[in-house]
Amino acid sequence: MRAKTITDLLCKGDRVAVSNITGREANKVTTITQHYANNIVGGWALGKGGRRIIVEKNISIPVFSDYNELLEKLPEKKWPNKIIIYSPPEAVYGDLKNVVNSSAENVETIFIITENVSVEVSAKIRNLCNEKNIDVLGCNTLGVINVTDHVRVGAVGGDQPEETFHPGSATIISNSGNMVNTMAAYLYGAGIGVRFGISTGKDQLILTPLKDILELVRNDKKTKVIILYIEPGGLYEQIALQWMKEINFHIPIIVYVGGTIADETNLSLGHAGAVAEGNGTRAKEKIELFDNYFDFPPYIRGKHLCRTKKPTRGFRIQALHDLPDAVRALYNKLEIDRDYKHYKPLKLNPWLKNMGKLAKTLSPKLVISDGIIPASYKKKFSYVLKKQFGKVITSRNMKNASHASSNDGENPRIYGEKTTDLMADKSFEYSLILSWTGYPPSNEFETELVKQTLVAAFTNGPGTISAQGAKLSASAGNNPHTAMIATLATIGSVHGGNGSKATEFLMKIFANSKLVDPYNPRSKRIVDKAVLDCVKKMSKAKQMSKETDIPFEKVPCLGHPVYRNNDVNYDPRERIISQYLEKNNIYHAFFDFYHQLAAKMKKEGITNNVLAVNVDAAIACIWLGICWHLLFEKKITVARTKNIPFLAFALGRAAGGAAEYLDHADYGSAMDMRIPVSECEFLNLPK
Amino acid sequence: MNHQISELTFLKQLAPRFAILTPEFIEWPAQRQRIQNCINKWSAAIAKPDILAGGRGKAGAMVKIDTAKDAIQTLQRLSSLEFKGRMARTSYLVEFIPTTYEVYTAITYDSRFLSPVITISLKGGVDVEQIKDTEKKTFPIDIYKGLDVYQAGDILNSLGCPDKLISPLARAVVNLWDLFITSGMQMCEVNPWRITSENKAVACDFKAVYDQANFKQKNPGFDWPEYPENISEFEEEMNRWNNKSYQGQAHVSDLSGKGILPLLFGGGASTIVIETLIQNNGDPMFLSDFGGNPPYERMYGTADICFKHKLADAKLLLILGGKANNTRIDVTFQAIADALAANAHLRDGRELPVIVGRGGPGLVLGVTAMQRALDELGWPYAIFGPDTPISMVAQYSADLYNYLTFHSQKA
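So the sequences go chain by chain: A and B.
Counting from 1, position 639 in the first sequence corresponds to residue 639 in our numbering; the numbering is continuous, with no gaps.
Counting from 1, position 271 in the second sequence corresponds to residue 1271 in our numbering; the numbering is continuous, with no gaps.
Okay, chain B solo, but in the shape it has when bound (with noise of 0.2 Å):
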């Protein structure tokens, strides 16, 4: 998982590094006083949540905070706050930064340059999806010479920015850009600049997210904040697991379904498959991608994770993947065998029907242990080879779920 952080890690620690102007902040929890006197020294404050989300504003967790007793009452909200399905690390109050004018910056690798670009919008402020393509420019930048004062001064200037404006938001966007390639991020964006009355740029809102194969994120120079994601015990200890080796890949994106168990395997077939489960109500349990030719042990271990937490409930365990190129499907079936027999008692001696549909590299073998398996355990099953298409599987796995749940409703 790529790490994000967001405005209130951006305050504390790499702002004041790259000699970026933010407003003054204080974090929650924070003494009665020392927030008063900032409600006092600031012209205005605002209380945030630290959550991963956007949209904050548009949906009230953005609250303009005129007395101390609002701040607290406010700060503490918002410190537990659930939205969109994130939830807030903690709460801060940051000096509101008046302005007339407002520019919107954001850096990332963009498919049309095959490089670095910078996206700049003289109207920023707003959401960036809601900025009409004419009124922001994306321009590349070289990766080995980066961004210098002079290309980022021609960069706005094109754009139409007031010449008084130029050389500190020139200076800004060149900090952010020393910001961003030194600490081996993917995306960073800094919306909105406000420029105060003294023609100064200042950073009042920021996030990114980091490039993890990149080893410059290895070690960010404080500890990564940790939010309290909504995530299942199930992704927890998956993401564990993946953390601990490349060999191989273990990603799962918990779908609350309640009925098939899917092991799947490779990006694309992994993608088809749910889909058609999903369009065919066949209510997965979750997103996996197992591919990757991971050795015995690995493949164990996943599916091991997968039985304990979702075995006992599965309605439908499907196994499926495309042709496999490198993945060998002897190691993988024969492990993911060894630890269905091992998980099999969390079944209370309730049956559970299979349906499998590989091909690949010892693909005879592999199906075969697979076979006796399932032959051992007494559970119903089928079988499909490569030539049998995965999303043909995928939607008879999808409607034999759906005869069995509304016969077993019936029952």
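Same shape as in the complex, but just chain A (with noise of 0.2 Å):
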């Protein structure tokens, strides 16, 4: 190997580039990998040149289109030495062996972490590299890290290496990538730290073999113990036991042989490549080279080790959970330091469990006590169970699927029901509610409601905006659909927009209150205590405001004072919905929110004016209502509860300007919604 010591495999100080680096997984790893260990200094995809990954604010990966052109741009300072290929399977032989003509002298380590690389190109990797003196780590690997030198090549450690990695004395490595990560965990629980995590790869060919790499770490001074997690496959340990027992190698070794099971059920390997390499190649002949080799029993759970003995070259475990306790007690004969104070035996926490009726039956040594989610993802749950409020949705591909709609060939269906049992039983609100939300209405009066907001939405006089888009498309000799087109063109966050400014209004007042279900009237209470936090937060901003002149965030929906001097100001048709309701004794929380809210900003001075509740806060409210036990049960998102009221707007409105179209193309002459140019008015441009 062109490596001498296990840092020449990775330090920092490294130079790393990446190919394909805007690949999905490349793109993701190298942004943490830079946030980590900042030894990234390029990369180069196909067509990609002149790109850049976004690290974070003002820091960027360079992209070059290929290998040639990043030594060309790049200063021969940054010229890479260490390279990750991420390339697809069949690039990787053309990528590598450019990245090898091109500058062999420089570049001293290829990481290798494409799957499904054939066994043909591996070996002709091995090959060139071996000619060059480069080192090759793969193919499939995961990567490296040295965690004492805070840097790593590769996916080591997920997107928190940091959380599991901790410097310390053990090195790992292991034919597995997750089990890096993994041990590494296991290890921190006994109080051990981690020098150096090695993922081999485990493809047929490993092309930095066992023996390679305990020849770099045999003289690496911190690295107090080995632990390896080896799989069948392979003459890779036996090779290296017969040169640790010639060399009479001194860092003791802690193994866990996987993969009997292959040996029984011939699953995962190709049983005659292992037939013409002999024997040593089944998991059961490694278990036994092993253990000859340490001439010391395997670890039993429970038990103390060998007294009479030490265990100078280590010993083997046969279950992985016994790792942090067989570490510990290596580390207490042979008179090793443990890097930390702390251990944390290994046992079932369970961070979230319900085991219901079940629970009650089992035998007491297999029901769970509660566990405790440990400190780092402590807040993480407060957030996602507390804070996070609806559902949080994974995105997938929508292409050719809906949650919807479907239809079977026989039966067109709204998420899941028939349109002909809706059109049949259900009104067209009831379908309109399942239709939105995914989920049918709860309360009966909640289709009633919903008839109300869409007829109320219908139109506010021929002067508004989205009327007057129908009319000037009708004007124009335009077809309905056009006019339509039109209606729905001149709404917008401004109008009818603020039914969703108001959801999000109410949403971050009641998201984190108590309030359950806004339909009881136990609701009240908590409703009167978010007027008073909240009219006390307008108030204190309005303070603010004076003093440094910037104008205080409104309540969206409140305003259109019409009738200025009365004692109370109403929103006719905000009325009809707030009588039905009356009328009908149903309590609702944000009704009551805005009404009260409106009055006590009046009260309390934040306005002179008498505001109205008007229409649009209306629709929110109603569909705040019906959303919000879904919102509370996480069935769905904050971004579709928001959306609804606007379409709910938009909806009523379309039928409003329908109806204009309709009425202006019968009697309206043509081009009438033109304006003279005499009563159009030329400006100056203000100087």
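Honestly, the hints are just simulated from the structure, not real lab data.
Mixed in with the good hints there might be a few duds.
[Stated by the list, open to error] Quick look at which bits of chain A chain B covers, simulated, 3 or more residues with Cβ under 8 Å: (1) 118-126; (2) 182-190; (3) 201-211; (4) 353-365; (5) 371-377.
[Claimed, not checked] Far from chain A by the CB rule (all over 12 Å, computed), these chain B residues: (6) GLU1027; (7) PRO1029; (8) GLN1033; (9) GLN1151; (10) GLY1160; (11) ASN1199; (12) ILE1329.
By construction, the Cβ of each residue, glycine as well, lies at the ideal position given by its N, Cα and C atoms.
Join the two chains, each given in its own frame, into one complex according to the hints.
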């Protein structure tokens, strides 16, 4: 090997370049690595030259169109000495050959992360790199982490390497990338940190075999113990153990050999390959080889290590969860100081559980007590469980998929309910609630409320912008669909969009309150308090605003002071809805909140006007009432809840716009919406 | 899955193309007269099943034939032979090549040399495992230069091969190398080469494993022989699904268990968990590895197939993996939770205990999504984080399964 010590494989100061850096995985891993190690000088991706991988504000990694361009454009002192190959399998050989041919003298190590590289290509890579004295790890390695130097290549440690990898005295060498991470976490529980974590890859040919890695670790003074995770296949261990015996290898090893199941079932190995290589490739044979090397019995949980003998060469563990106890026992026996004082024995620690009735029937041995969520996760949990409101969606490709509708060839369905059943038995408003929330209404009166909002949204007279849109279109001689577009194109965040803002405002206030059922009169207590808190905040904001001259944020959907001098000021459409609620003895927390807030703001002098709760607020309150329990149960998203009031307005207004179009198309004369030139005013640009 | 072929495909498709001498053969079914003619012409005939299993000879599945009647009866029987869990595709009659000299050869990739190697023994004709290490030799082959006839001659010479056989054998193994390297194989074996009285090397049995990752095997020049594998519908459907995309892994191997339905992540973790379950009588239904950071729709599809086939009969659902480096737990768990909800009706109202253990990116969102789904189903569950070792979770699951099974039997 070119490397002479383990730090030659990876250390601080290395300059790393990444192939196919813009790929899904490479891009993500590179960003995290740059945060952790700050060792990536650039990358290349076919046809993506000139882009940059954004790491954070003001920090980015340049992307070149190929490796040669990277060498041309980067200053010589930044030329990479380590290369990570993330190219697709068919491009691995070409990319690697280009690197080797262009800068064999600079590049020391190549890490091939790509999976599914053919064994023939692997053999060629080995041959090519051997000739040029370049070390290769992989293929299908997850990478390497040098914890002492706080650097990594590849994805070892996932998106939070610091959470698992704490500097220490154990070097992990594993055929499984996942096990590097998992074993590091177990070791830390035993007060042992990690010096190096190395994923060798587990393709048929492991291009840096175990013996070569052990030769590098051999001279590393910081490594006190080596932890191995071994799987069946190949004679890597046989060769390594033979050599270790010959040189009297001095670092103790704890090994876990997995895969005895494969011996019996021939599940995952190319058996013929193993046969051609002879004995020593199967898990059971590897176990024998290690036990023979250690000359020490395998670790048995709960039992003391052999008193008469020191496990100077180490020993084998038979269950992975024995690792912390075993490593601790080894350190004690060999009088090695642990890296950290803490010791957290591994145990069943359920983070979340609800064994329901089953718990009562179980034997005491199987009843698991409540667990403790570790501090590092607790914060995230409390955010997700308490503060994060509504459903969190995992994105997926929705091109040919829909939850909202389906058709099995016989029946179109809305969220699984047959359209024909809805037509026969349910109202339009029932279907609308189902169609927009994904769930049927939970109270009968909700359909009536929705009906009222739809009618209320029809029109606010021919002067409204959206009505004008339809009329202008009719006046220009357009078809109905163009007029519909014109109507919908003339509503927006200011005209019609206030309902969404009101919803956002209400969610902000009540999301973290104890409001569970907005129709329950007992919720009034919560509403009263929310009004007081809100007014208090506004009062403060108003005061601040006076001092700083910055206008304070207004409450959405309170306004339209038509009857300025009245004691009570109402939007007549909102009144109809409120009266329906009162008449039917339905308490509505959000309506109550809005009404109280308008009155209190006047009383506390936050405003001089008697503000009306407008119809947009009414629409928002009604739909938020419908959605509230779904949000609470995390069945729908906050974004959907915000969008619905606007869509409710748009749906009603589309019908109103259609009325304007039909009327105007019948009675209007062509171009009658035109404004004569004489009525248009020319303005000089203010200077 | 790597494609495998055995002697019959070699005889029909590959040997003629690479000028490798082989015995004559007839594939079953064949007319009686044709069989009779061959028996008359050949010094002797052997009936063999076309099956992907070694050790046929020892098991009596290779039968020396004397008459056409024998041949028809035997070929008929062998064509539907089941052996070592494998099933025959068809059967064939092959000419027996008399010899006094048999040679074993295999070409594969070797972990000692990290290159292709050829293994040769002059004690061919028996199972390779029976050949002593001292009687076979393995030589590395330069992947770029390949194997030429002089190198092959030197190797044979070093083994003590009689001079008169070196040339025909060297040419034969070079042809075998050409076949190996131009076809994208991972391993091929001729055992034995039989040397005729005219000093010709005849390949008398063959098997090969192709490397699925090698582009050369994508167009082999013939249709892949379809062996009636004794695999379940579940495995078949999952294999088809796995082959549709490289995104994420969807590997399963049916273990015919009746207890725990395991959705496992990561090769290492899957191995450890299944071993723990088996050691503790957890009776896992299958071995699985669903890691590799699958996107939502891939994971949903994978989980959906598992649930469609296995959820109704499962006694415990185990969703378990180590601390992922790349795989997004929020994405994979949401997909599993959605697939579980969509298939829960298969339980006919019977609750199913669910044990979950995982670590990695997006963990908190992932486990809360899983918790919501399980709460909605009203099934008992326990969810562990990465601070509980997977082997402990697996052991607990096995213990719980055993307890539940024992008590349901008692009831």
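Original post:
Which numbered hints are broken by the structure, listed smallest first?
Top reply: Number 12 only.
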